[in-house]
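*Asks:* Protein chains in written order, with my numbering: chain F, 3 to 114; chain S, 215 to 329.
It cannot be assumed that every hint is accurate.
In silico lysine-lysine, PhoX-like type, Cα no more than 25 Å apart, as pairs [as the list claims (entries may be wrong)]:
#1 S:K271 / F:K7
#2 F:K73 / F:K7
#3 S:K271 / F:K101
#4 F:K101 / S:K231
#5 F:K101 / S:K285
These are computed hints drawn from the structure, not numbers from a lab.
Each chain, written out:
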Amino acid sequence: DQQVKQNSPSLSVQEGRISILNCDYTNSMFDYFLWYKKYPAEGPTFLISISSIKDKNEDGRFTVFLNKSAKHLSLHIVPSQPGDSAVYFCAAAIQGAQKLVFGQGTRLTINP
Amino acid sequence: EAQVTQNPRYLITVTGKKLTVTCSQNMNHEYMSWYRQDPGLGLRQIYYSMNVEVTDKGDVPEGYKVSRKEKRNFPLILESPSPNQTSLYFCASSLSGGRDPGELFFGEGSRLTVL
């Protein structure tokens with residue numbers, strides 16, 4: 003029962019263009035969402051988060067959008083840079099429930 | 215430097231031979247957790263701990279044990295490893311103390327192969 007789904011295992015984008023990574027969830031109780039980035043041979047690192055009281059959160063080149071009615075969130079990276087090539091995990095949580103539920107991950111490749 | 219340290223980073227073992235993967239954090243975090251990463255399944259939580267002597271099962275606890283005798287350490291124990299426990303394991307910690315998931319800090323991972 004995959005409560006958080008990233009349906010695209012991989013994505014390839016030209017340097018300088020926009021990268022859009024998508025994530026869907028099934029549990030309407032989730033109220034806090036995060037994105038993590040993972041390079042090979044390293045642990046995931048926190049990238050950006052959003053609470054369900056917002057529909058958008060920006061941090062530099064990274065913006066996360068939340069559509070609660072569609073149970074969908076997306077991560078936009080503009081402009082994409084070669085250093086953005088990594089695996090991106092979305093995660094969801096119920097605040098106070100002490101656990102994050104992760105998606106399967108999307109491997110983003112930025113081509114020069 | 216703030217970090218979560220796991221050991222060993224790589225291990226090949228045989229079925230039934232008990233092993234322990236250690237995890238230590240130097241950030242005085244209350245919350246610690248173990249995840250395994252498998253292709254197509256993402257990160258799945260094995261066990262978590264909200265504080266010393268407080269542990270609870272995650273989504274895939276079968277075949278694993280943990281202990282939290284000190285705040286900084288959270289070892290993962292495989293009493294009798296089996297091939298289906300071949301995976302990439304991550305330890306993580308968080309300041310939030312379990313009240314909210316907060317931002318998890320991950321170790322670099324331990325790749326375990328059970329033959």
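*Asks:* Please go over all the hints and tell whether each is borne out by the structure.
*Replies:* Results for each hint:
1. S:K271 / F:K7: This hinted pair holds, its Cα atoms lying about 22 Å apart.
2. F:K73 / F:K7: Status holds; Cα separation ~11 Å.
3. S:K271 / F:K101: 10 Å, holds
4. F:K101 / S:K231: Measuring from Cα to Cα gives roughly 30 Å; hence the hint is violated.
5. F:K101 / S:K285: Holds - the C-alpha atoms of K285 (chain S) and K101 (chain F) are around 18 Å apart, at most 25 Å.
The structure is inconsistent with hint 4 alone, although it conforms to all the rest.
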